[in-house]
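*Asks:* Residues per chain are reported as follows:
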Amino acid sequence: MTGARKLQGDRLTEAEAIERAKQGDAEAFETLYRLHKRRVYSLCLRMTSNTAAAEDLTQEAFLQLFRKIGTFRGESAFSTWLHRMSVNVVLMQLRKKGLAVVPLEETIETEEDSPRKEPGADDVRLSGSIDRLRLEKAIENLPPGYRAVFLLHDVQGYEHNEIAAMVGCSIGNSKSQLHKARMKLRELLKTSRAEKAIKR
Amino acid sequence: MTCDEFQRVLPELEGSRNLEQQQHVRSCPTCAELLADLTAIVDQARLLGDVHEPSPEVWNSIQTALRNEGLIRQPLPQLVQRPLPSHSNFSSAPRWRFAWLVPLAAAALFGSVLLTVHRRVTPVADRPVAHPVVAALGPENQNTGADDVQLLNIVSAQAPALRASYESDLKAVDAYIRDAEFSAHKDPNDEIAQQYLMNAYEQRAMIYEMAMERSVP
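Read top to bottom, the protein sequences are chains A and B.
Just so it is clear: in the first sequence, position 143 is 142 by numbering that gives the first Met the number 0, and no numbers are missing.
Just so it is clear: in the second sequence, position 208 is 207 by numbering that gives the first Met the number 0, and no numbers are missing.
Note that these hints are calculated values from the structure, not bench results.
One or more of the hints may lead you astray.
Unchecked claim - Here are some chain B residues pointing at chain A (derived, C-beta under 10 angstroms):
no. : residue
1   : P10
2   : E11
3   : I40
4   : Q43
5   : A44
6   : L46
7   : S54
8   : I71
9   : A145
10  : V148
11  : L151
12  : D173
13  : M197
Claimed, not checked - Some chain B residues judged to face chain A by a derived CB distance under 7 angstroms, without partners named:
no. : residue
14  : A35
15  : H51
16  : P53
17  : W58
Note that CB positions come from ideal geometry on N, CA and C, so glycine has one too.
All chains should be modelled from the sequences, with the hints used to inform the complete structure.
*Replies:* As C-alpha cells, this is what we get:
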C-alpha cells in the first residue's frame, strides 16, 4: 500500500491528505479516518470482543495518530504506522486491565485454556466447514493471550519478530502461543460443529 | 517419526517440512487431518478482512477532540477574510486604544454562552449565582449588540469601507449562533451541538480579534 493511493474523482489522495492534515485541515483528517477506520476498528473489536471498548480504542488510536502526524516522515507506509499504533493502544489497554497478553511462562495457562495435546478422536476434517462467522465466534472465545497473537499473525499478517517486539515476549513464545491458539480454535470449531449436528 | 515428535515441531514449521516430516504426514491420517485443519483455519483467518464498521459517533468524538486540542485549524468562512485597504489609516491607530475590547468581548461572549447553556439545562432552583462580571453585563443579546455597535464604530472610524463587511460578518455569525443555540437547547445532552455552539462563539470572538489585528501597525 503506497502513500499515493488515489481515492476517487478529485478527492484527496492519502499522501495529499497526510500533508494537509499536518496543516490542520479538517477534511484531510476525515479522509485519513475513512481510509483506515475499518481496519483499525476490526482489529480492536476482535481483540476486545466488545463494541464499546473497540470504539473507545479506535478513537484513541486515531487521536494518537493525528496528534503525532506532524512527525510522520514517510519512511514507512502510513498504514503500517497507524496499525502499529492501533496495536499498541489495544495492548496497553489489555495490560491496564491486568490481562497478560502473552504468558511469559507457558505453565501459567489453565487446563481450560490449553488445547488438548493428544491427537483428536474426530476423523472429519474442518476444511470446507469453516465459515467467517463461526471463526469470528471461535476467536471471541479464545483466551486474550492466544487471541492477540492469532489476530496479529494470521489475521493482520505480522511476523513473529514484530509480534514479539510489540507484546514483549520471545519469538519462540510467540510461535508457541500461535500454535496453541490454532489448536484451541480447532477444538472450538469442532465442538461447535458437533453441537450444531446434535441440534438437527 | 512419531506423532508426538511431529506435533512438537509443528509450531516451528510455518508451512515448510523436511522429508521425514512429509513422510509422517503421508503415513499418519491423524497428523494429516490435524495439519489440514490448522491450514484451513489459517486460510480462513486471512480472509476475515476488515469488515467491521465503527459507529458515526466515533468520528464525531475524534473531530470534537481535535477541535478542542486545536489540531483542526479550519479556516473561517469568507465572511472574515478581508484585505486591508491600501489607504487605510489603521496603521496609525495605536493598538492600545482598542486592545481592551478583545478580551472583554471574548470574556463576555464566552461567559454569556456558558450562562445561556447553563440556564437552559439547569432547573431554576439549581442555578448558581451568575458571576458578577457576567451579571453586570446584562442579558447576553443586549450586551452583544452594544459590543457590536462599539466595534463597528471603531471600524468605521478607521476604515469606513470595511464597516459594511464586518456588519455582514457579525450578522452571519449571529445566525450561526442562533442555529447552534437552537440545537443545543433542543437536546442539552447533545455534546456535538454544545461543541457547535462553542465554535460559533469562538468565531465571533475571532471576528473581534481580526478587527483588532487590523489596527496593529
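*Asks:* Confirm or reject each hint.
*Replies:* Taking the hints in turn, this is what the structure says about them:
no. : hint : result
1   : P10  : holds (4 angstroms)
2   : E11  : holds (6 angstroms)
3   : I40  : holds (5 angstroms)
4   : Q43  : holds (5 angstroms)
5   : A44  : holds (4 angstroms)
6   : L46  : holds (7 angstroms)
7   : S54  : holds (6 angstroms)
8   : I71  : holds (5 angstroms)
9   : A145 : violated (33 angstroms)
10  : V148 : violated (33 angstroms)
11  : L151 : violated (30 angstroms)
12  : D173 : violated (23 angstroms)
13  : M197 : violated (16 angstroms)
14  : A35  : holds (5 angstroms)
15  : H51  : holds (4 angstroms)
16  : P53  : holds (4 angstroms)
17  : W58  : holds (6 angstroms)
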